[in-house]
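Visitor: Top line first, the protein sequences correspond to chains A and B.
Under the numbering used here, the first residue of the first sequence is numbered 1, with each subsequent residue one higher.
Under the numbering used here, the first residue of the second sequence is numbered 113, with each subsequent residue one higher.
Careful: at least some of the hints might be erroneous.
Unchecked claim - Derived DSS-like pairs: lysine-lysine, alpha-carbon spacing no greater than 25 Å straight-line: (1) A:Lys2 - A:Lys111; (2) A:Lys70 - A:Lys99; (3) A:Lys42 - A:Lys99; (4) A:Lys42 - B:Lys190; (5) A:Lys67 - A:Lys111; (6) B:Lys190 - B:Lys136; (7) A:Lys67 - B:Lys180; (8) A:Lys67 - A:Lys42; (9) A:Lys56 - B:Lys190; (10) A:Lys70 - A:Lys111; (11) A:Lys42 - B:Lys180; (12) B:Lys180 - B:Lys136; (13) B:Lys190 - A:Lys99; (14) A:Lys111 - A:Lys99; (15) A:Lys2 - A:Lys99; (16) B:Lys136 - A:Lys42.
Claimed, not checked - A few chain A positions that, by computed beta-carbon distances, are all more than 12 Å from chain B: (17) Gln6; (18) Pro8; (19) Val19; (20) Ser20; (21) Tyr36; (22) Glu45; (23) Ser53; (24) Asn55; (25) Ser69; (26) Phe75; (27) Leu108; (28) Ala112.
Stated by the list, open to error - Examples of chain B residues lying across from chain A (beta carbon under 7 Å, computed): (29) Gly154; (30) Leu155; (31) Phe177; (32) Asp208; (33) Gly224.
Derived from the structure by calculation, the hints contain no laboratory data.
No residue lacks a Cβ here, since even glycine has one placed at the ideal position from N, Cα and C.
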Amino acid sequence: QKEVEQDPGPLSVPEGAIVSLNCTYSNSAFQYFMWYRQYSRKGPELLMYTYSSGNKEDGRFTAQVDKSSKYISLFIRDSQPSDSATYLCAMISNTGGFKTIFGAGTRLFVKA
Amino acid sequence: DAGVIQSPRHEVTEMGQEVTLRCKPISGHNSLFWYRQTMMRGLELLIYFNNNVPIDDSGMPEDRFSAKMPNASFSTLKIQPSEPRDSAVYFCASSDPGQGGSSGQPQHFGDGTRLSIL
């Protein structure tokens, strides 16, 4: 079993829809949670960064962490065609030093 | 602000040749990471450095791969001899020390080197 599981998609939604992206994990030591967005032929770009459980909102994006269920989510409101990209979840444990564990990434297509 | 800079952006070479990928991390960042990304295996950590010292190279696939960080502003990843199965996108990322040099800092990626071995 992988440490981090993420559905690779693809996920296709109409413009304006609410998008929900999710990851599950098995290591209870994970404390730092991130979402990266990767456009084609570009490097992953940090989108959201949260520590421990709770919600964090930034514009149209909301990140949620539920440590009791070992489940994290990224919500995108009013999705735009420009949101079409691959979204990778990532995690760092409080005992793993600097090593980041990435999910496989979910490909999202937002249709105009 | 300048981000992580990688060169070359694209490299096409024949099997058996030596390949050298270069990375300049963000100024002030003291951790540097090399990743390989393929469709089949996703993003794989190859090696990472902290304060120019290699900390974990367990992801380096075999002895044909080597990485160096001679100073805080430069790192190389070398493949010798290269093989077709090494074809992938190679990313470099860096992170800053954070408060008190703690772990858990997010990484910032370059745009990668797309490597094709014929």
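Visitor: Run through the hints listed earlier and report the numbers of any the structure violates, in increasing order.
Guide: When the structure is compared with the hints, numbers 1, 5, 7, 8, 9, 10, 14, 17, 18, 21, 22, 31, 32 turn out to be violated.
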